[in-house]
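Chains R, B, E and D, in that order, give the protein sequences.
Note that the working numbering has the first sequence beginning at 1, numbered continuously upward.
Note that the working numbering has the second sequence beginning at 1, numbered continuously upward.
Note that the working numbering has the third sequence beginning at 1, numbered continuously upward.
Note that the working numbering has the fourth sequence beginning at 1, numbered continuously upward.
It is worth saying that the hints were derived from the structure and are not from the lab.
Values in this document were obtained by computation on a predicted structure and should not be read as measured data.
Among the clues, some could well be false.
Claimed, not checked - PhoX-like, lysine-lysine: derived pairs with alpha carbons at most 25 angstroms apart:
#1 E/Lys34 with B/Lys96
#2 B/Lys22 with R/Lys226
#3 R/Lys640 with B/Lys22
#4 R/Lys60 with R/Lys640
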Amino acid sequence: MPSFVLYLIHTLFPHDVRRPTELGADFLIIMSGVIIVYYLTKQKKWRYLWDEWLTTVDHKKIGIMYLIAAIAMLFRGGVDALMLRTNLALPTTPVISASEYNEVFTTHGTIMIFFMAMPLIFALWNVAVPLMIGARDVAFPRLNAMSFWLFAFGALLLNISFVIGGSPNAGWTAYPPYTGVAFNPGPGENYFFLSLLIAGMGTTMTGINFLVTTLRMRAPGMTLMKMPMFVWTTLTTAALILFAFPPLTVALAMSLFDRLFGSSFFTLTHGGMPMMYVNLFWLFGHPEVYIVVLPAFGVFSEVVATYSRKALFGYSAMVLSVLAIMFLSYGTWVHHFFTMGAGPAVNAFFGLSTMLIAIPTGVKIFNWIFTMWGGRIQLTTAMLYQIAFIPTFVIGGATGILLATVPADYQLHNTYFLVAHFHNVLIGGVLFGLLSGTYYWWPKMFGHKLDERQGKWAFWLYFIGFWVTFGPQYLLGLEGMTRRMYTYPLGFGWHELNVISTVGAFIMGAGFVVMVYNVLYSLKYGERDLTGDPWDGRTLEWALPSPAPEYNFARIPVVTARDAWWDMKQKGQTLANSLSSHDISTLEMPKNTPVPFLLGLSFFVVGFGMTFEWWIIVAIGAIGVVASLLYSAFDYDEHKHINADVIRRTESALGRLQG
Amino acid sequence: MSVPVAKEEMEQHLPLEFADEKESIKITGFWMFLVTDVMIFGSLFSSYAVYRTSVAQGPSAYQLFSFGPVILETVLLLTSSFTIGLSIYSMRRQNKQATIAWLIVTLLLGAGFVISEVHDFVGYVAAGATWHQSAFLSAFFILVGTHGAHVTFGILWATTLLIQLIRRGFTPVTTRKLFTFSLYWHFLDIVWIFIFTFVYLNGKIV
Amino acid sequence: MAEKLQFQSEATARAHEGEDEGLPSLLPRFGEEKFPWIQVWGYIGSLVLTFAALILVIDHVLPPVALLSVILTLAVGQAALQIGVFMHVRESRGLAWQMVFLGLVLLMAAGMVGMSIWIMLFKSGVS
Amino acid sequence: MPKRRRRWPYRYIAPLVLVGLLVSGCGQQYVLLHPVGPVGKSELHLLILASLAMGIVIALVLILLAITVIRFRDKPGNRAPYTPNWHGNKTLETIWWIVPVVLLTVIAIPMVNQTFALAKVPKAKDPVVIDVTSLTWKWLFQYPGHHVATVNYLEIPTGEPVLFELTADSPMNTFWIPQLGGMEYTMPNRVLPLWLEADKPGVYWGHSGNYSGIEFEKMFFDVKAVSPAAFNRWLNQTHQTAPPMTMQDYHALLKFNTVGYQTYGNYPTDTFPSVMSGYTLTGSGMYLIEHNQHGLKYVPMSNK
Ligand code: HEA
Ligand code: HEA
Ligand code: CUA
Ligand SMILES: [Cu+2]
């Protein structure tokens, strides 16, 4: 027995994770766990948590859970970033060791892309898309909950790696053969592959769900060309997900099999070809960066029109350009490995195809600017992000074009020039876009605005901090500094620029602190939104009270114009005053279910067991998976009814019923 | 149950599985799922194509494959694709007995396919051709194995359907489920045709 | 009775608006024969195609590359047969999207396989 | 409604800082801007060309954006026209479909030319060939014509192209000498070609661009470019005086560690894969790694 316990301790906490940082994190995590449990028990909130959140299938609540997860992950990824930057500012006295640094940049990249950007997108989709298209829910509410829990447990699996067993350390790209057991023993990379496989399943389901939602659930009259731009980007992004995630799944599974079951896909021996992994990974990875940026483009299209108080400029061109981006982004993946010798013909082809993407993207940029032209621009926080996004993203895109210039990429590949490029587009494009959307839709989610003054402070800290951090990194690239080095020799002139960069990172960190303070402050003191339409919006979600009732629309609106709500307001036919009590009938809504949560949990157990190759635990988890699936196969009790009287009462309490 | 459906569609007496809008949306959703599956198999096929010649010290495709069991498997699967088609045909004609009977036949044929394939694999492994041997074998086993796993899953799925059909008869839900299952099954048949052609037949071309 | 969880399809939307764009080719089609002829012919067709490919390979009548192209063409034909005969592609709502998607998917999948081979060939090198 | 009256100059500070840094960026440490060979130079030329084109784009967008935001702010008494329903203009939209195409063509044509040009070793029937193997946190260089091997440094002649054949007996790395030109991956089971040339004598540094483990950042190496005569002298001398590499030495190099400079006057031939089809190895891997409970054991294929 004691030997078993010792074995357990050695496996779960090998000596290289018994370091002060990890132990501190362990302590913090356990403490916060204890506090949460204590609070829930004291307030008798367990039942509430289970009934209202863990088993919910309401897209609005799922959206909020995604949002909370994303902000937590932004914190985790951000703290990782600060650790990276601190080390790089102190090359002579590294604060964290090489092996810690390697784990930290890996989790930083992985978390930021898969567990911060993706869920933030899904948060906005869930919160806004059904409301914008005049629907009562997404196409498959239960699948939606499953997606969320698969994502959440996938994220949990990656995050516990930090404290149990050791984190992955091969970068977010996880190139073999370094990920093979020969070079990388221990559970770290297993965590990586399994958590991404589990979360990836959830993401694929979300893609299916929102594609069908946008295609089949629109309110009467909302033809494709009357959809808000955000919905268009949802549609195209969802389609991109369907095409992009399968190659990732295959690449991850192959790597995992190499590690656990002795196959020879990417090994040094037996004819394995690591480059095939690289090929499959970027077959996913390149579309992925557009998966994260297209929704941000969608947010900007809504935000810019609303705060310029003017119709979106060049709507058809915008639609055409997102479609073009969607198609083109599948044909460019080789630009991530121009330096793998696939030959001049291949490289030239993919260099050209990459450059082509600049054209539709440019169209969007100019259309946004011309949406503002002739408008009345209100500089709200959301709009500030939009305005800062344009130059930031254009510069990031331009440096992308430099990287796409094949011979130039031979020099710039994997240098800090590249690091600067992708933060420029990821932060300037994705993060700014999603934060803009969060500020924009916050009242719709929570019924109150975020404080504008604090919001602007956070914005300026982010924006200035961003340039201070990543501007110097372009120069570091030209000085030949390559990425993923935990420290560097002094003689290359890299030190000064790194110090500046680190200062910038802390400025951004300050921005994050202000943002979180803003959230907490506004919870209490934020301006309440009683109209449901705080920004004088243009699309249907603003026709509803904030937050929207469970059934969204008491009566489904009929759409006749592109900016449906704006149009209705112009014509004086707002839902608020046209709803009569006869219009309301009893509604059938999806019913809460514990299956998604249990399914996610079961997959988590499988993943955890596989990470340590404990097959009994895997079997237990697998039984859970099968049981959940069987249960839902035979479950015909999917719906509940909301009585018409209940709805009438709700609506008249909101002052939305005639008479 | 009142279902708002466009006039012209009402007149065309929709089959049950499409009659209910919500169930019909699920069929669209299932097509989208098939899209992801096409991409999964696409990735596996491209790996196989690339790894085909990386035989290391292991056997080559030519040495490994023999036609006998493969032809048997192909015929079994093609026939099962036919019988599930008949099952749907019977379902459209509201013939519960025939629907169930054809579904059972389909399941049996599918089971035959899986048994034959597993037998095949066991033979390879016994002869030392494990997927550790070479990248080619890894790619072969993962491609064909993924297909086999899909078929196995399909059999389990259809078994639950069988129970639901017997217990509940034709409802919008059961018919929709059976219809999506048939889509899945035909899809697997198509994948197999490509495996048959690109893996087995191609392996015999020198 | 309860109103269902929002059910308007595009067709419904058109009906509501009274602006039927009338794309008859895109409207769903249903209907079954008295005897499952289509299925039977489909089955026979698939067997014929399979054995044709098999015989071609066993007899090695063509040079390898040509042979591979021919049997792949047969496979594509057979896939089309399965999709057309058995998968009822022509008869669901939102049909236009399914066809668009199907085409797209096959294109993507083929592109992925083709391009990957091209990339991994390393037809290149410094000379 | 939000408060108005924001101070604008902030928006320009960041780009200004950037420009300032760029101007000061002429120091020698900007290795990419100071190439000493034709490959690096042609890559730099493209980089500059593309940067100029991108500079035009960026300037255009920035100016347009600044004018728009300043002119159409929602402040009382703003007399700029307000056209809430203006949602398209064919001429304008055509312009911004076309202008990028033109700019991109300007970059694309030389880009394609250079890509193909760099794939050919110029003027050389017999370039100096150096076989490069990345090992776990060290570099092995072999001169197949002369059976000389070095670790973590190499010597090349100036004024003539050198053909590197790159492979790995380790995770992937990239072989990169910034001042001579761009990088290429080293991969197991694959030999990739790369040619570079140094114009003038000097010591340049090289590094790996692809992360490969905890001591990856130590994978620097030195490149000594000397005159062809000196180079030949060095080769002959080393061949005669330096000790030969044994299989044991090679196995020692396979360990997961870093080492200093090493020089060998000869080496066992099967430490570098023979070139079978073009530059591509087919078939099995070079070395078998066996992973057993006692740790890692490397077995060269020739011993099997
Ligand atoms: C949101 C994410 C995002 C976005 C949108 C982009 C957009 C682009 N990216 Fe980026 N990229 C990444 C995220 C992103 N990238 C990441 C994460 C990596 C590294 C991954 C890793 O290795 O870890 C990467 C790496 C990367 C590489 C690989 C470099 C290397 O590894 O060596 C290349 C090379 O071509 C590239 C190019 C481009 C291009 C051309 C665009 C284009 O889409 C940009 C288009 C936009 C514009 C050009 C600006 C607007 C246009 C106009 C104003 C019109 C006028 C313009 C012209 C005439 C040009 N990117
Ligand atoms: C959306 C994606 C995203 C985002 C938002 C970021 C945000 C940031 N990133 Fe990251 N980054 C990536 C995606 C992203 N990154 C990817 C994909 C990689 C590649 C990984 C790889 O190589 O595999 C990468 C790699 C990467 C590197 C290169 C590491 C290396 O190669 O060695 C660096 C170095 O400077 C860096 C820095 C930063 C900084 C400073 C931020 C800042 O924006 C962060 C802002 C800071 C905060 C939000 C902090 C908030 C927290 C606090 C203020 C709390 C303070 C409290 C305590 C300290 C207890 N990132
Ligand atoms: Cu510019 Cu030196
Ligand atoms: Cu890319």
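Tested hints:
| no. | hint | verdict |
| --- | --- | --- |
| 1 | E/Lys34 with B/Lys96 | 16 angstroms, holds |
| 2 | B/Lys22 with R/Lys226 | 23 angstroms, holds |
| 3 | R/Lys640 with B/Lys22 | 15 angstroms, holds |
| 4 | R/Lys60 with R/Lys640 | 17 angstroms, holds |
The earlier numbered hints are all upheld by this structure, with none contradicted.
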